[in-house]
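S.K.: Each chain is listed here by its residues.
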Amino acid sequence: MTIFLFFIVSIIIITSSLLVILSKNPIHSVLFLILVFFNTAILFLFSGAEFLAMILLIVYIGAVAVLFLFVIMMLDINTAKLRQSFLNYLPIGLFVGFVILLELLYVVSQSKLNFLSKNITENKITNEIFENTKIIGNVLYTDYFLLFQLSGIILLVAMIGAILLTLRKREGAKKQNIYKQILKK
Amino acid sequence: MEIPITYYLYLSVIIFTIGLIGIFLNRKNLIVVLMSIELILLSANINFVAFADYYQNIAGQIYVFFNLSVSAAEAAVGLAIMVTFFRKKDSIHVDDINSLKG
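Residue numbers (the numbering used here), protein chains in the order written: chain A, -9 to 175; chain B, 548 to 649.
I should point out that these hints are in silico values taken from the structure, not numbers from a laboratory.
There could be a bad hint or two in this list.
What the hints assert, rightly or not - Pulled a few chain B residues facing chain A out of the computed Cβ check, cut under 8 Å: (1) 552; (2) 554; (3) 561; (4) 646.
Unchecked claim - Restricting the straight-line Cα-Cα distance to at most 27 Å, the calculated cross-link-like pairs of lysine-lysine (BS3-like) are: (5) A/124 / B/635; (6) B/636 / A/14; (7) A/165 / B/648; (8) A/174 / A/164; (9) B/635 / A/159.
Glycine included, every Cβ here is placed at the ideal spot set by N, Cα and C.
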């Protein structure tokens, strides 16, 4: 039953990720990207990663995909003009893609991985006492604490960079001049 | 539990290739290039989660967590660069990005 669901979800993921790169309208691409993320969240649930599935829904669909949608709607792109020389890079793109696909498929098919022999370590992803979220919290705030703070710094830098890149001076914008305000005549 | 890990690997290989081909095909639209990069990162995340289940080790899921935060930052900065570029040149064609004469 699970394997049947896995195949359905995989087919949906592959089809909609093909439609992401092939659809003419960028808004359709974003909507299919949302479908890919949603089905990947279901896959994560199959693997016992409940917390990451919910994070994927919140962060990717709620933040990143909506950000894409906002930017596409703001930019007013001429879609017909965008597709003019679509076929210029098709042969080399397909060539590189298929070479990499065949190599990776060969590597995976030759792998000695056997899903019956699982190596159990001390940090199990699920057990009877704690659920997945609690285990992630226990490890993330102790063993990986410095990396956690580092990812916070990365997000801060990205936020400052995005604000700074899109900032522009406009006429008539009301602004506080602190020097003028506290200057004693 | 009963899904073999090689199925996850095949799925992530296919998604990776679709993302890679998407970068090549959509030379005229920078937004779809960014979306293809998101697809590639997603395929890596599927691998990490599958191996975390395979080895029953939580470190894979922790790494996916960091990967998500980095890709969110990348999307934010990439879209900001794209908005700035659109203001300058009034287009987001990949072929118009030639100011560095590369």
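S.K.: Hint by hint, where does the structure go against what was stated? Just the numbers, ascending.
M.R.: Of the numbered hints, 4, 5 and 7 do not hold.
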